[in-house]
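J.: These protein sequence lines map, in sequence, to chains C and S.
Read in the numbering used here, the first sequence has 44 at position 44, and its numbers run on one by one without any break.
For the numbering used here, count along the second sequence from 1 and bump the result up by 201.
The hints are simulated quantities; they were obtained by calculation from the structure and are not laboratory data.
Since we're looking at a predicted model, the values are computed, not measured.
One or more of the hints may lead you astray.
[Claimed, not checked] Covered by chain S, according to a simulated footprint, are these stretches of chain C (three or more residues, beta-carbon under 8 Å):
1. 58 to 68
2. 80 to 93
[Unchecked claim] Just a sample of chain C residues kept apart from chain S, beta carbon distances all over 10 Å, derived:
3. Thr72
4. Leu107
5. Ala108
6. Asp114
7. Trp118
8. Arg171
9. Gly186
Glycine included, every Cβ here is placed at the ideal spot set by N, Cα and C.
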Amino acid sequence: MTAARIGIGGPVGSGKTALIERLLAEFASIGIEVAVITNDLVTDEDAERLRRGGQLPPERILAVQAGACPHTVIREDPTLNMAAADRLEARFPQLQLIMIESGGDNLASTFSLDLVDWWMFVIDVAGGDDIPRKRGPGVLQSDLLVVNKSDIAPHVGVDFDAMMAEARAVRNGRPALATSCRQGSGIAEVVEHLRREVLFS
Amino acid sequence: MSDAPPRPPAEELLLALQMGDSAYPTGSFGYSWGLETLLAEGLVTRASLPLFAEAELEGRWHRIERIALAGGWRAEDVAALEAWDALIDQYLWSEHQRIHSHEAGAATLAAATRLSLPGAAALREGVAAGRMAGHFPVVTGALYRAAGLRLGTALLLSAQVFLRGLLSVAVRLGLAGALEVQAIMARLVSPLARLAAPPPPDARPCGFSPLTEIAQMRLRDTRLFVN
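In isolation and in its complexed conformation, chain C is listed as follows (with noise of 0.2 Å):
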């Protein structure tokens, strides 16, 4: 069997090393069988916080770095994450996943479509409302759009719904889904979402 690959892709800061957390707890209860590439900008950071989690064996988790371009580990050169999801898949031939977790970047970051069979971009709402209308590649292109810390929207200023209707409609009918990882909402429809979409089940 060979696994499903993913990318997760956002600016710093959005929220996606907190939605892999929630959604290895998902993954766990109905028994999806999953590893994690990060792709940590300057530390191992993102994979030393998942393996202190202890929600997959630390050997699951690799990390690999980026050579001072998050963008290109990802897509332009995106060999050494390809060697990385070789190994895992080496390893764990009942893997049914490969989540692989940008290094964190601005809104031009895209997965490239050699690495991945799908990805998804993650923005939160105190990057800005206006993160939509820039329109990045990134919220265009991605497969799902998450719009992430959606809680905290009323104290930075943010008309949420307004916010999601605006990443709707510059998506031309890609989906956009909200989560607040913090509180756990939104995280079973990207789940259901990810069991439709990717896997299948």
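Since chain C is already given, all that's left is putting chain S on it; use the hints.
T.: Coordinates of chain S only, in the frame set by chain C:
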């Protein structure tokens, strides 16, 4: 490895330009081979970068990687390649250097297999089965030959890619400007061409590059590169 049909010179040049381009996926952009540590600790500076690059070209590439690549290119079949790879493995005394050379080779093979390059699948199978470690220059030499590059071209290409990669690290870390490193590369064209001469078949790696070898063993916790 099987021989590719000889390429007309123009085709060989175009192929070399493609395989040596920074856009050609090998994963090598993620490796600094110790330079990130040396820059962070001030052991290499903007002023010393040109001399450092030349020293690495001679001490590391010419004396180690050139030999390893030429042997990979010259291997007549997979068994000979595996034997050569095992020999190179023994000559790399730094454990970090050895492991990172395996990893860089694996990344190169991951891309080469998906590109369906001649010989790539057999090499990858050998690595997956544990018959060879798959050192980066050895694998690269075999792939260059299978693609149709002559040994002389393969060595020039490898040296140029090595130098460009090294200087690219300095640019990405903010030590040198993009134009500045092009000037360094231009100054090193003649030494590079001289150092890229094919070694005799019985040559063995005997490099001395203590700064980078030690730096690779002292990886920084907060780093941008694999090594």
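J.: Now look at each hint and say whether the structure bears it out.
T.: Hints, verified against the model:
Beta-carbon proximity to chain S at under 8 Å applies to 5 residues in the segment 58 to 68 of chain C; the threshold of 3 is reached and the given coverage holds. For the segment 80 to 93 of chain C, the assignment as covered by chain S holds, since 6 residues bring a beta-carbon within under 8 Å of that chain's beta-carbons and 3 suffice. Remark: the non-interface label on Thr72/C conflicts with the geometry, its nearest Cβ contact in chain S lying 6 Å away (cut-off 10 Å). A cut-off of 10 Å between C-beta atoms confirms that Leu107/C is not in contact with chain S; the least separation is 21 Å.
The beta carbon of Ala108/C sits about 17 Å from the closest Cβ of chain S, which is more than 10 Å, so the claim that it is off the interface holds. Against the 10 Å criterion, Asp114/C falls within the reach of chain S, whose nearest CB is about 7 Å from its own CB. Distance check on Trp118/C: its Cβ is at least 18 Å (rounded) from any Cβ of chain S, clearing the 10 Å threshold; non-interface status holds. Even its closest Cβ contact with chain S, about 29 Å, leaves Arg171/C beyond 10 Å, as expected for a residue assigned away from the interface.
A cut-off of 10 Å between C-beta atoms confirms that Gly186/C is not in contact with chain S; the least separation is 33 Å.
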